[in-house]
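Q: Chains as they are written, first to last, in this note's numbering: chain U, 1 to 196; chain V, 197 to 296; chain R, 297 to 916.
Hints were generated in silico from the structure; no laboratory data involved. Careful: at least some of the hints might be erroneous.
To be verified - Straight-line Cα separation of at most 27 Å, DSS-like style, residue types lysine-lysine; simulated pairs:
1. V/222 - R/815
2. R/455 - R/662
3. R/851 - R/878
4. R/662 - R/878
5. R/851 - R/735
6. V/222 - U/25
7. R/656 - R/735
8. U/25 - V/281
9. U/90 - R/882
10. U/90 - V/222
11. R/662 - R/735
12. R/851 - R/863
13. R/655 - R/829
14. R/859 - R/878
15. R/859 - R/455
As the list claims (entries may be wrong) - Far from chain U, by Cβ distances over 10 Å, these chain R residues were calculated:
16. 682
17. 896
18. 907
Stated by the list, open to error - Stretch by stretch, here's where chain U covers chain V in the computed footprint (C-beta under 8 Å, at least three residues):
19. 211-217
20. 220-229
21. 232-243
Every residue, glycine too, gets a C-beta built ideally from N, C-alpha and C.
Below, each chain spelled out in residue letters.
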Amino acid sequence: MFEQLAFYVFAGLTAAMFLITVTTKNILYSMSSLAAGMIFISGFFFILNADFLGVVQIVVYAGAVMALYAFGMMFFDSAKETNEKIKNPKNIFIMTVVIAVLIVLMISAPITLNRPDVSMELVQNMQNPQAIGVILFTKYLIPFEMASLMLLIAMIAGIILAGKKMDISATTMDDENVNMETFEEFKLTSEPKEHK
Amino acid sequence: MISINHYLILSAMLFAIGLFGVIRRKNLLMLFFATEIMLNSVNIALAAISYFTHDLTGQIFAFFIIAIAASEVAVGLGFLILMYKRMGSLDLDNLQIMKG
Amino acid sequence: MEKLLYITLFAPLVGSIFAALFGGCKKNILAGIVPSALLFIGTIAALIQLSAVLDGQVISATMFEWIASGNFRVDFGFAADQISVVMMCVVTIVSTLVHVYSIGYMSHDEGFNRFFSYLSLFVFSMLVLVMSDNFLGLFIGWEGVGLCSWLLIGFWYKKPFATWAANEAFIMNRVADLGMLVGIFIIFWQTGSLKYTEVFALVKSIDPAILSLAAVFLFIGAMGKSAQFPFHTWLADAMEGPTPVSALIHAATMVTAGVYLVVRSHELFALTPDVSFFIACLGTFVAAFAATMGLVNRDLKRIVAYSTLSQLGYMFVAAGLGAYWVALFHLMTHAFFKALLFLGAGNVMHAMHDELDIKKMGGLYKPMRGTAIMMIVASVALAGIYPLAGFFSKDKILEVAFGTHHYILWAMLLITAVLTAFYSFRLIMLVFFGRENYKEHFPSLHPHEAYWYMLAAMSPLAVLAVIAGFFEHSLTALLEKAMPIFHPHMSTDTVMMLIAVTTVAVVCSISFTLYKYNKGGFSAELENTFLYKLFYNQYYIPEFYNRFLVIPYTKLSEFAWKKVDLKIIDFVVDTIALVIYKSGEKSRHIQSGNLSGMLRWMVFGLLILIIFAALYSPIK
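Work the whole structure out from these sequences, hints included.
A: Shown next, in the form of structure tokens:
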């Protein structure tokens with residue numbers, strides 16, 4: 001009974017939060033409700049006995065990703081209300097609903113009709129994090145390595161995109177040469193270039 | 197009782213919400229938010245299936261999706277900031293250089 | 297033995313290709329000498345084959361199997377039987393001499409190399425025609441000579457009338473070829489084969505009505521090629537081509553292809569006496585008809601062309617009355633003296649700087665003695681005076697007509713012989729003797745004789761024109777092996793009387809002509825009489841054809857072009873292109889650079905894919 005209650009509460013809250021995210025005109029509200037939605041999704045994970053996943057969800061999504069978004073927000077003029085014009089709202093609604101229905105049908109059909117075979121049995125005497133650890137480093141080792149490689153690439157891309165001047169290294173210069181011109185790019189009060 | 201169908205329907209609903217946001221949003225940043233919603237809905241589905249079939253593969257899949265999504269956000273935001281510095285706005289209609 | 301066949305057949309083709317290599321270059325004498333030399337080798341081969349078939353054997357060779365589909369089998373086969381060998385010898389001898397003559401005649405023409413290529417190609421096609429052993433090979437050669445005739449008549453293609461004449465010849469031939477094709481179809485339908493030996497073995501078992509139909513259609517094809525009425529207008533207009541072309545094609549070889557066809561299919565025509573009689577009557581009509589038109593014409597080559605037409609009529613009379621060997625004999629002798637006449641006319645034309653009106657010539661005997669003598673010899677042979685060749689063949693035809701009790705035909709042929717003698721000698725008198733009219737029309741003209749080798753090329757023809765008549769018995773002995781030799785049953789007295797009557801009539805005609813033109817010819821008022829006008833304008837037949845056939849057909853073509861082709865067919869094609877273009881323009885906006893719009897299209901695509909996946913999903 002608790003399970004049902006928890007499910008419906010979390011489901012309702014998540015849906016409401018995400019609806020706010022996609023409909024509001026204020027960018028701050030949108031971001032905040034996204035963060036809240038992430039937390040409620042982690043609630044789902046805990047219901048489903050995926051402890052490790054739930055914790056990872058909170059730490060990575062609600063912590064790191066939303067923090068990234070928040071930092072990115074600082075660059076934009078967030079007090080302004082965004083103005084969006086849609087030409088045919090009806091088309092969009094219809095498309096969305098039809099896609100949703102079809103996806104549900106397609107995904108649920110194989111599972112409810114016949115049981116797929118299990119490839120990795122759950123060993124009952126292990127806790128969830130232990131089990132995840134076991135198969136992460138045995139069966140899914142290669143995806144793990146690939147993911148780490150990809151994160152490295154993302155990091156490098158982020159550094160290059162930030163546009164820091166590479167030829168001047170502040171740490172190897174003498175102390176008296178280091179002044180504000182070296183860090184000119186990081187001035188936050190600079191006006192963005194207007195697009196003609 | 198909560199069966200797998202509940203979770204799947206929920207996941208599909210959230211996916212539809214995310215899709216709706218992708219289509220509707222004109223601000224580039226809000227587009228990213230909607231993409232995040234879609235990714236999360238898929239995570240729910242995967243975790244649910246993993247629970248109901250007693251198979252850990254789903255959870256591993258969701259785990260990797262989280263990792264990928266995080267790196268995507270990092271790079272995407274970098275691009276976004278550069279774009280804003282160049283174009284001066286984040287409205288998609290203003291960002292169109294091609295004449296169509 | 298087969299090597300000889302192939303040598304005869306392919307020597308002109310090799311010569312043609314050799315000359316074609318020089319096609320774009322300036323005049324190169326080698327392009328004239330090599331084809332002539334190759335043709336000479338071909339002639340030798342043909343003569344050797346002639347001696348080989350004298351005892352009755354047939355040389356045959358099959359190159360390769362050509363069509364084998366279902367029941368229909370045709371090979372590329374050649375056979376030199378007695379009929380073919382006669383034709384082969386005539387064709388190769390005359391062609392070689394015409395080639396040598398052309399080296400001189402076309403020496404100042406810039407299309408020299410091209411001319412020899414076309415000429416040798418023509419000889420090749422003609423040899424395919426006569427040497428093939430089935431109807432389809434005959435047809436290939438038939439079309440080939442038609443094509444080469446078109447190429448050669450329109451040789452000076454910058455002259456508009458030459459191209460028009462070439463088109464007229466080709467189109468008229470094509471229309472008649474339709475008849476021939478239908479005839480070939482009928483033959484195949486009835487006998488299941490196209491090879492001569494097989495067809496003629498089965499020909500007796502065919503239903504006579506269908507056989508007559510086949511004969512009629514085959515003869516229509518022959519009518520086109522041999523310019524019988526109503527397909528005759530192209531022959532006179534074909535004189536637009538160079539004179540060697542007229543000598544070779546329109547005197548000796550191509551126009552005799554029709555006669556060859558009838559002679560080759562003699563077993564077919566022998567079984568359909570009505571059709572044969574019609575052929576004979578048509579031949580007589582054409583002979584007289586052409587002779588009347590030649591009486592009054594002023595164009596040098598046209599007179600000779602009408603004379604050819606008339607003699608072709610004679611050949612068809614002989615073939616129609618069943619004396620096929622006589623037709624072949626007359627074909628042979630006619631080839632020699634007619635080619636000689638044309639070549640002589642070519643010399644005259646060159647001397648007169650391509651002037652063709654004989655009223656503007658005269659007195660050319662002194663500067664052009666050799667040509668004059670040879671042309672006189674040819675005209676005497678044409679008129680049929682003993683002992684020259686024409687006498688033997690022409691009188692034989694008159695004998696046959698009389699002997700088969702077709703007295704009306706005989707009378708008309710006799711009258712035609714008189715007319716023939718008249719216009720031949722009119723030509724001679726006006727060109728070579730009499731008042732020198734050219735002095736007042738072209739004061740600076742000094743006519744001179746042709747090159748020595750051109751006269752040397754003409755002289756064998758003159759010799760043959762004289763002696764060919766004495767080959768009658770050898771020819772009969774040769775042809776006996778291949779077909780029944782028809783001799784009309786008459787007593788020797790009747791024969792002698794006929795000969796006497798004919799000779800007297802012809803000699804009177806000649807003397808009359810000589811006398812009249814020595815005195816200066818006929819009065820000018822004669823030109824205004826109705827008969828003169830009728831003959832001069834070719835009985836107004838070309839105008840008739842133009843008004844009732846050419847102009848309506850042109851209008852129909854224009855209608856088909858403007859209304860059907862442009863508006864309907866082009867419209868459909870353009871519309872298809874327009875639809876694709878417009879749809880491309882409309883869908884260009886999908887890729888607009890607007891991210892929001894593109895995302896929407898992406899979702900729409902996803903929707904379509906999911907619908908298809910749900911429809912065709914294996915899990916239902």
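Q: All the hints need checking, so say for each whether the structure fits it.
A: So, going through the hints one by one against the coordinates:
1. V/222 - R/815: Distance of about 114 Å is beyond 27 Å: violated.
2. R/455 - R/662: Roughly 33 Å between the alpha carbons, so the hint for residue 455 of chain R and residue 662 of chain R is violated.
3. R/851 - R/878: violated (37 Å)
4. R/662 - R/878: violated (81 Å)
5. R/851 - R/735: violated (47 Å)
6. V/222 - U/25: Distance ~10 Å between residue 222 of chain V and residue 25 of chain U Cα, so the pair holds.
7. R/656 - R/735: Given that 27 Å is the threshold and the Cα spacing comes to 9 Å, the pair holds.
8. U/25 - V/281: Given that 27 Å is the threshold and the Cα spacing comes to 22 Å, the pair holds.
9. U/90 - R/882: holds (22 Å)
10. U/90 - V/222: This hinted pair holds, its Cα atoms lying about 17 Å apart.
11. R/662 - R/735: holds (14 Å)
12. R/851 - R/863: holds (17 Å)
13. R/655 - R/829: holds (17 Å)
14. R/859 - R/878: Judged against 27 Å, a Cα distance of about 26 Å means the pair holds.
15. R/859 - R/455: Outside the cut-off at roughly 32 Å; violated.
16. 682: At roughly 107 Å from the nearest Cβ of chain U, residue 682 of chain R sits farther out than 10 Å, so the non-interface label holds.
17. 896: violated (7 Å)
18. 907: It is violated; residue 907 of chain R is separated from chain U by about 7 Å at its closest Cβ, not greater than 10 Å.
19. 211-217: holds (count 7)
20. 220-229: holds (count 8)
21. 232-243: Three-residue rule met by the stretch 232-243 of chain V, so holds; n is 7.
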